[in-house]
Amino acid sequence: MTDKNPDKGYIALLGWSLNAIDAVDRFDRRYVVVAPPWAEDYCKQNDIPYVAWDFDRLNERSHELAHRLDDMGVDVAIPIFEETVEWAGAVNAVLMKNPRLLGQSMLFRDKSLMKRRAQLGGIRVGVFEEAHDRGDVIRFLKRVNQTLLKLDGDPNDPIHFKAFDKSGTAGHRVIRTPEDVDNIPDEEFPALLESHLDGWEFAVEAWIKDGKIQFLNISEYVTLGYSVFVPATPELEEHRARITEEIEKLIEVFDIDFGFIHPEYFLTSDNKLYFGEVAYRPPGFNALELIERAYGFNGYQGLVLAFDPKTTQEELDAFFPTEVVDAKGHAGCFGVYPRRRVVSRLEVPEETANHPYFEFHELSDPREQKVAKRSAFGTHWGLAYFFGDNAHDLRDLLKRQEELDYYV
Amino acid sequence: MSPRNAFAVDGQTADDQAALTRLSETLDRAIDRLDEARPFAKARHQRPVLDVLGRVIALPGGLGRIRQRAARMDAAGLFSGSDWDQPEVLLPQLVAGTLVSDDPSLRALEAASLARFLAVAEGEARHANLHQEGARHFLTQVLALNLKDLFGAPDEAARALGARHDLKRRVLSHIADHIGLNDVLSVLVSEIWRLLEQRSIQVGVVKDMIAQIAIALSEKGTEPGSTRLGAERLVSALFGPTTASRDDPGLAVYLERISVADESGLSREAMGFARAMHDTGLVSDYHAAFLTWALDYENRPLIPEALGLGTTGLDCWQHYRGLIEKLVRSAVSLQTPQAAYGLALLLDRGILHHAPMVPALERQLSLQLRGAARERIALGFAAGDAPETALLAGVLQVLGQPLGVGQGANPTCQSARAIAMWALIDPDYLLFLVTQVAEFDMLQMQFEGTVINSGDLPAGLAGAGPIDADPVSVLLVAHLDRIYAEMGRLCAGRPGDPHKWINPQFHGWWVSRDCAVAVDVATGQLAGYDDFLRRFFAAYHPAFNGGRPLGHPQPAGIAVTDAQQRFVGWHAIAILRVAEDQAGRMRVYFYNPNNDSGQDWGNGVVVSTSGHGERYGEGSLEFEAFLSRVYLFHDEPLRREEGREIAPELIATVRDQAVASWAADRQGAG
Chain A
1 MTDKNPDKGY
11 IALLGWSLNA
21 IDAVDRFDRR
31 YVVVAPPWAE
41 DYCKQNDIPY
51 VAWDFDRLNE
61 RSHELAHRLD
71 DMGVDVAIPI
81 FEETVEWAGA
91 VNAVLMKNPR
101 LLGQSMLFRD
111 KSLMKRRAQL
121 GGIRVGVFEE
131 AHDRGDVIRF
141 LKRVNQTLLK
151 LDGDPNDPIH
161 FKAFDKSGTA
171 GHRVIRTPED
181 VDNIPDEEFP
191 ALLESHLDGW
201 EFAVEAWIKD
211 GKIQFLNISE
221 YVTLGYSVFV
231 PATPELEEHR
241 ARITEEIEKL
251 IEVFDIDFGF
261 IHPEYFLTSD
271 NKLYFGEVAY
281 RPPGFNALEL
291 IERAYGFNGY
301 QGLVLAFDPK
311 TTQEELDAFF
321 PTEVVDAKGH
331 AGCFGVYPRR
341 RVVSRLEVPE
351 ETANHPYFEF
361 HELSDPREQK
371 VAKRSAFGTH
381 WGLAYFFGDN
391 AHDLRDLLKR
401 QEELDYYV
Chain B
1001 MSPRNAFAVD
1011 GQTADDQAAL
1021 TRLSETLDRA
1031 IDRLDEARPF
1041 AKARHQRPVL
1051 DVLGRVIALP
1061 GGLGRIRQRA
1071 ARMDAAGLFS
1081 GSDWDQPEVL
1091 LPQLVAGTLV
1101 SDDPSLRALE
1111 AASLARFLAV
1121 AEGEARHANL
1131 HQEGARHFLT
1141 QVLALNLKDL
1151 FGAPDEAARA
1161 LGARHDLKRR
1171 VLSHIADHIG
1181 LNDVLSVLVS
1191 EIWRLLEQRS
1201 IQVGVVKDMI
1211 AQIAIALSEK
1221 GTEPGSTRLG
1231 AERLVSALFG
1241 PTTASRDDPG
1251 LAVYLERISV
1261 ADESGLSREA
1271 MGFARAMHDT
1281 GLVSDYHAAF
1291 LTWALDYENR
1301 PLIPEALGLG
1311 TTGLDCWQHY
1321 RGLIEKLVRS
1331 AVSLQTPQAA
1341 YGLALLLDRG
1351 ILHHAPMVPA
1361 LERQLSLQLR
1371 GAARERIALG
1381 FAAGDAPETA
1391 LLAGVLQVLG
1401 QPLGVGQGAN
1411 PTCQSARAIA
1421 MWALIDPDYL
1431 LFLVTQVAEF
1441 DMLQMQFEGT
1451 VINSGDLPAG
1461 LAGAGPIDAD
1471 PVSVLLVAHL
1481 DRIYAEMGRL
1491 CAGRPGDPHK
1501 WINPQFHGWW
1511 VSRDCAVAVD
1521 VATGQLAGYD
1531 DFLRRFFAAY
1541 HPAFNGGRPL
1551 GHPQPAGIAV
1561 TDAQQRFVGW
1571 HAIAILRVAE
1581 DQAGRMRVYF
1591 YNPNNDSGQD
1601 WGNGVVVSTS
1611 GHGERYGEGS
1621 LEFEAFLSRV
1631 YLFHDEPLRR
1641 EEGREIAPEL
1651 IATVRDQAVA
1661 SWAADRQGAG
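Those protein sequences? They're chains A and B, same order as listed. Everything in the first sequence is counted per my numbering, starting at 1 for the first residue and increasing by one. Everything in the second sequence is counted per my numbering, starting at 1001 for the first residue and increasing by one.
Watch out, some of these pointers could steer you wrong.
[Unchecked claim] FRET-style restraints, in silico, Cβ to Cβ:
| id | chain 1 | residue 1 | chain 2 | residue 2 | range |
| --- | --- | --- | --- | --- | --- |
| 1 | A | D210 | B | E1122 | 53 to 59 Å |
| 2 | A | M72 | B | A1664 | 37 to 43 Å |
| 3 | A | E40 | B | V1659 | 26 to 32 Å |
| 4 | B | E1122 | A | D405 | 36 to 42 Å |
| 5 | A | P309 | B | A1096 | 55 to 61 Å |
| 6 | A | R340 | B | A1378 | 37 to 43 Å |
None of these hints come from the bench; they were simulated from the model. Even for Gly, the Cβ is constructed at its ideal location relative to N, Cα and C.
So here's chain A without its partners, still in its complex pose:
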């Protein structure tokens, strides 16, 4: 750690992510990883500064962690996973002597509270409700479809079911029939229910400092749970000004002074923007890597700048490029799921392998996996990465991948 600048902030990463550690280790600030005890040997072997901590349940010991980090001279804690968001809030409340940060983090962790707060702040949200049992889900499904003037026997419009405190697509189910409701396991309650919005779904990654957006990326979903690319198509980027306003509303409503947010939106056919949810942590699906591929900066290092109270505006301006115009191309990735019931080997489809946009994949060997029936949006078997000049070609290419077998 001799090459680290002692005048800059000292940060703590909450949660274990090799990508994040790698990026931060290559950056110019002191850091420490706060991770479960199983990481200890690995950290010792690799000289990774480390504090053992069990994040299972937030309790009175959060104070202990905060004071330990405070004693070490740590300036700020950065949450890496959904599960560490409120820990970061609790720790930062102590480190920065700002108790409000804990309350703020609780909002990010509870999808229902989050939605109500957004609604109160004048942000447009879809119809939603909390569900504590399956009966609540059935009632919501019926009511939404009655509102849509569906007759008995018409296929239902789907509703979305999201476990309160799960991140991304984990615990996210699309419900169409009462049978779907039966398949929800008990442990996923309580949950948030949302009406389905037909439209263009996208996510935003925003690095925030001093209440100002420092960099705003729009990630366009081709198919939720399968594929995403950045920067978005020109058609979606057209809405950038409105989207920026929406993000500024979020900053105001959630009282965000610094850090990183990752909200999701719908742009419906009547040209209205609906807020879906927001997370105060890096996105899944390696979106930060896509941003790095397109823009050349490391998103985790950006996180460090955004969280560190000692970062200067000059540093931020030098670090972040200009949105859209500075992108070298469009970078996308596709999450591969096996399509067949029984697979024996990985074989990248020939048309993909020969496509000039295809870069490489990180797919695991089928011998390391078994095909599970997908209930919620499950975990993919790895990502295939693409890069090219034309956003439309890239979008169509990603869509096309859904029809191809990577595992045979």
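Could you slot chain B onto chain A? The hints should help.
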């Protein structure tokens, strides 16, 4: 540039060229990411590099691009965390398997590793642990071991691999285009000679390699020189060892030629065959045909000359001519030419003078294989002959070349060792066992008075038994293996290592009745190790055992280590004799059933198979080096008090070598 160079830049289409340029850029980016990553985060970035690599290699000219980037990929950490990170310990014989692995990233990894060797060999790159000469030598060995993929039509197995075989062939050709084939032939030739020195019974692979050389010589030609001489010596031993067969005329023409030859011409043929056979241990098909033909040549016996018998062999011929002629007639065929070599050595061992042997061989001549035993022999050695011919040929070979028995790719070192030892000192007992299994498909032995019948037992380590070994092993090993396992079960609950009781019961009275083990069986930790070493000195070293030579071979257990001295596993061998070599150093000569005794066990402990007084089939090490790898041996209970005077320094030397290798983490109990 050779016409084989499939990667010449001119051979590319414009599309290929564009794709190659684009993919090379993608590869560079993937390498950059890998390069930037901290050592602990390399693993995740390796797979993308390998993925792009795999696609670059598939393009014409791709291997060249890989070679240019090989050093950078290595430095970036492509190999970190894998065995490939230490090129100096890689084994050339494993390359072929990885190149056709069903995991594309392994194939790409091996290709990248070879590209790195090539870049270093060509002087384009440097590597801290790999010298230019070393890299070149490695690649030469790789080519030598895979010569058949460079020449000739692909066989069934290769065809089944399809595109993977194609990749392998292209990689090998690319290397050959840069390294040249002259070196390859010389490596191959010396490798073959090294194997031949050990006189294995199974020479199929060696014969295949020689056939590849023959094709290479006629297709490519080489410059004259010692390599060419050595290669031609091998080729001629197989395909034209005598005046009348020199031009490899085919059997029909050859038999015509000798039918009109005069007495001195026939003598020359017979001696030519004998010379080539004893020179290489290989028997030409012409030789087999000649022997069969000579049986009916009435003017005078040509068999002794054609077998190249020494005085003992000739004496046997005088006494047992009838039996020997029957053996030639029944055992030596175009499918089993090697039986002639086995017979020649058997006769020179003089074992026909051992009273039970003549009736035992007569019995073998009339033996009819039955049931499952017959099916197994037919399955393993079906080509053309009756299973009885294959078995008889196998019997002659085992009796002629006891130390040529190998275990094949099977975990049955104990059974292979037993067969070799019986062939060496108890040949009639071995034939007794062969008869039992051939006729009844079962084997009976006793363990401390308890009768064990292999027919009643479940399959042992080797399952249904090997089929990639010699006929006698194929017949016996499955049964021996079960009996061995059953003896182990009968020892359950006894303290210490069960081999103490099993080995004498299994092999015979001649195994010494006491047994020393270097480790505590329950914990695996060294226990009483200094005493163990003293006992070994006292039992086996002529300077400490009163100069008594070893009478019978003794089973012993070895802790096998690899070239890095890391423990690989326990292995059964037999100590044959302890004697000084030409340089006056005391050596242990031993039999290793593992097919190829020449192994590097690390830290200078390299098993020698020739040049240090070894007889055919023996491996040898200097006494202390050998002892440093021993973990179990037998000695006589009545002589336990000897060896107290051995200098502590001597013991310490051996102990240090053991502790530096297999016993590194076994020092708990001291």
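Hint check:
Taking the beta carbon of each, A:D210 and B:E1122 are about 57 Å apart, inside 53 to 59 Å as hinted. Range check, A:M72 to B:A1664: about 38 Å between beta-carbon atoms, so the 37 to 43 Å window is met. In this structure, A:E40 and B:V1659 meet the distance hint of 26 to 32 Å, their C-beta atoms being roughly 30 Å apart. Against the hinted window of 36 to 42 Å, the Cβ-Cβ separation of B:E1122 and A:D405 comes to about 41 Å, which satisfies the hint.
For A:P309 and B:A1096, the Cβ-Cβ distance of about 59 Å falls inside the hinted range of 55 to 61 Å, so the restraint holds. Distance hint check for A:R340 and B:A1378: the Cβ-Cβ separation is about 41 Å, which falls inside the suggested range of 37 to 43 Å.
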